[in-house]
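Q: Chain by chain, the residues run as shown.
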Amino acid sequence: MSEKGLDRSSEELSALLDGEISELELRRLLKNIESDQELCQKWSRYQLSSAILKGQTRGKALEWQNVDISARVQQAVADEPALEVSAKPKSRIRSGLIKPFANVAVAASVSAAVIVGWQSVGQQPINTANGPAPALAAASASPGPSVATPVSTVPLYSGQQPTSPRAMPVSQNNFGYSVLNQGPQPEMIRYNPDVDDRLNYYFLSHSGNAAANTASSVSPYGRVITINPTAEEKAVRVNLEQ
Amino acid sequence: MKCWPQLLLGLVITIHSWPVVAQDSAEQWLQKMVTASHEASFKGRLVLLSGGRLISLAVFHAPIQGQVWERVVHLSGEPAEIIRQGDRTFSVHRMNSSQLSSHVSDAAPALKPPSGLSTAGSPVQKWESIQQGIQAASRYYRFELVGEDRVAGRPAILIEVEPLDLHRYGYTLWLDEESGVLLRSQTNPLKGDPLEIFEFVQLSLVDELSVGDFQAGENLKMPKPLSRSEAEQPLPISDIRWQAGWVPDGFVAAGRAALSRQYPTVSVRTYSDGLAAFTVFCEALDAPVTESTSSRGATVAVNRNRDKTLVTVVGEIPAVTAEKIAENVKILAVNERTR
Chain A
1 MSEKGLDRSS EELSALLDGE ISELELRRLL KNIESDQELC QKWSRYQLSS
51 AILKGQTRGK ALEWQNVDIS ARVQQAVADE PALEVSAKPK SRIRSGLIKP
101 FANVAVAASV SAAVIVGWQS VGQQPINTAN GPAPALAAAS ASPGPSVATP
151 VSTVPLYSGQ QPTSPRAMPV SQNNFGYSVL NQGPQPEMIR YNPDVDDRLN
201 YYFLSHSGNA AANTASSVSP YGRVITINPT AEEKAVRVNL EQ
Chain B
1 MKCWPQLLLG LVITIHSWPV VAQDSAEQWL QKMVTASHEA SFKGRLVLLS
51 GGRLISLAVF HAPIQGQVWE RVVHLSGEPA EIIRQGDRTF SVHRMNSSQL
101 SSHVSDAAPA LKPPSGLSTA GSPVQKWESI QQGIQAASRY YRFELVGEDR
151 VAGRPAILIE VEPLDLHRYG YTLWLDEESG VLLRSQTNPL KGDPLEIFEF
201 VQLSLVDELS VGDFQAGENL KMPKPLSRSE AEQPLPISDI RWQAGWVPDG
251 FVAAGRAALS RQYPTVSVRT YSDGLAAFTV FCEALDAPVT ESTSSRGATV
301 AVNRNRDKTL VTVVGEIPAV TAEKIAENVK ILAVNERTR
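From first to last, the protein sequence lines are chains A and B.
Residue numbering for the first sequence follows the working numbering, beginning at 1 and increasing consecutively.
Residue numbering for the second sequence follows the working numbering, beginning at 1 and increasing consecutively.
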């Protein structure tokens, strides 16, 4: 690519990061980024610096610098059933957007987590001596999943959210939460069917206990957002297919 | 007529004590709030801002058949209701409705002699009622009557509740001047914006709400009531024996905990300091899960693997505190499950 072309791409990249990119520029950028390794790395750096500025890296910036998730994402894309984009001629405008979007969704499936419900404020590697975690079972198809990677992949994507609201579908829907201001910045929202269904039950139980044992009884139940897992899955799927 | 002066005196005292109502101490107002949460009968609408989301709810609340009944209707999103009828709590959806029942917690040493579980060394005791809770709470919070305000078109008393250590959040409470009902509450972290705000936008104190007001709305299915024999069957007791190695000062184990028949193997114990509460769940697992700390508004949830057991702490407490609680849970015994 000529230097001028790269400059323009860089500008477009910044625009994308700031959420000010036009439809046309986005298409061009997506086309270029496929073939341009340098542009790809630039995007990665932009995201990383954005994450650092927002204080999302929690001192792990160096570790993330060289994370290459593209291979794992590609693998996951290959494993993923094809999205029937062409079957929907009406959504031509959207089909331009489906690429980054689908990638995010697939990246989520790499970490065996669809985003819903609870917002993670920190994660610890499990004690692998006790055997593999069921939570990671679904990720076993993709090469070399390690528990630490899901966390590290996230900031690369979280910066995309302002760009296209669709890029983080689930965090935009009814089930997504974000923390107002609570200590460390949350790193990601993930949904793990095993853990979250249990967590939601725990949450309901806790609300009942709190209502019975604290002075203010109404608010605990107000907190309970009763989640119907099938509806969530549907929401995820609908978003994917749009 | 010798009794006239006394009558007059009585009248004077009555007149004098009248404005004192508004000058009650913060503790007295909190006491009033507690009483209202048991005895007041009201319905209204409120908004809840939690974790960056705004939720609107309709609420019905009344003492019925000697117990607190409550119905919380989600007005936006997927239709859902939480209906609490005394000890029973129903979570009602169009599908997948579920029921929890409040049972004597397996932790309540005063009520159930421990079998193989030594609670003697446990740092917690059980307290009888929330009334005592407020008194006990004054050792861990500072209450201050800040002034008067207006919420839901009603005059309100504003009370600031400040924690005396880092293991609990502070609160700003607006109480209805007429009834003591909590009209608005803010959960405040040590620094920064409130984690959670709930506020009535409309409240009517009504004389009587009937059982019919506590039934699920249209298109929602209440879970099938248990048959008599099912209901009388005791819940299977969890086969996990555990002990809290550390809880923050002032948090004591409540005697009852909400359990579901769907999850009989989970051991549940709730701790409260009168204002905040957290619940510890212990469940035997074949394989460990990813350990995590998550939050949702003021509520935090912490997962930890301990001796083939998943320990989960859920509560309105700071994340660091919840993590410490979870990490200090001691698993005493896990019996092999028969499947």
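By construction, these hints were calculated from the structure, which means they are not laboratory data.
Heads up, a few of these hints could be off.
What the hints assert, rightly or not - Computed cross-link-like contacts, SDA-like style, restricted to lysine to any residue with a CA-CA straight-line distance of at most 25 Å:
{"#": "1", "chain 1": "B", "residue 1": "K324", "chain 2": "A", "residue 2": "S10"}
{"#": "2", "chain 1": "B", "residue 1": "K308", "chain 2": "A", "residue 2": "R198"}
{"#": "3", "chain 1": "B", "residue 1": "K221", "chain 2": "B", "residue 2": "E78"}
{"#": "4", "chain 1": "B", "residue 1": "K32", "chain 2": "B", "residue 2": "Q135"}
{"#": "5", "chain 1": "B", "residue 1": "K221", "chain 2": "A", "residue 2": "K42"}
{"#": "6", "chain 1": "B", "residue 1": "K330", "chain 2": "A", "residue 2": "Y201"}
{"#": "7", "chain 1": "B", "residue 1": "K330", "chain 2": "A", "residue 2": "R198"}
{"#": "8", "chain 1": "B", "residue 1": "K308", "chain 2": "A", "residue 2": "Y201"}
{"#": "9", "chain 1": "B", "residue 1": "K191", "chain 2": "B", "residue 2": "L205"}
{"#": "10", "chain 1": "B", "residue 1": "K191", "chain 2": "B", "residue 2": "L158"}
{"#": "11", "chain 1": "B", "residue 1": "K324", "chain 2": "A", "residue 2": "S35"}
{"#": "12", "chain 1": "B", "residue 1": "K324", "chain 2": "B", "residue 2": "L158"}
{"#": "13", "chain 1": "A", "residue 1": "K42", "chain 2": "A", "residue 2": "S10"}
{"#": "14", "chain 1": "B", "residue 1": "K221", "chain 2": "A", "residue 2": "R198"}
Q: Take the hints in turn and mark each one as holding or not.
A: Against the structure, the hints:
no.	hint	result
1	B:K324 - A:S10	violated (46 Å)
2	B:K308 - A:R198	holds (16 Å)
3	B:K221 - B:E78	holds (14 Å)
4	B:K32 - B:Q135	holds (13 Å)
5	B:K221 - A:K42	violated (53 Å)
6	B:K330 - A:Y201	holds (23 Å)
7	B:K330 - A:R198	holds (21 Å)
8	B:K308 - A:Y201	holds (20 Å)
9	B:K191 - B:L205	violated (35 Å)
10	B:K191 - B:L158	holds (20 Å)
11	B:K324 - A:S35	violated (49 Å)
12	B:K324 - B:L158	violated (33 Å)
13	A:K42 - A:S10	holds (8 Å)
14	B:K221 - A:R198	holds (22 Å)
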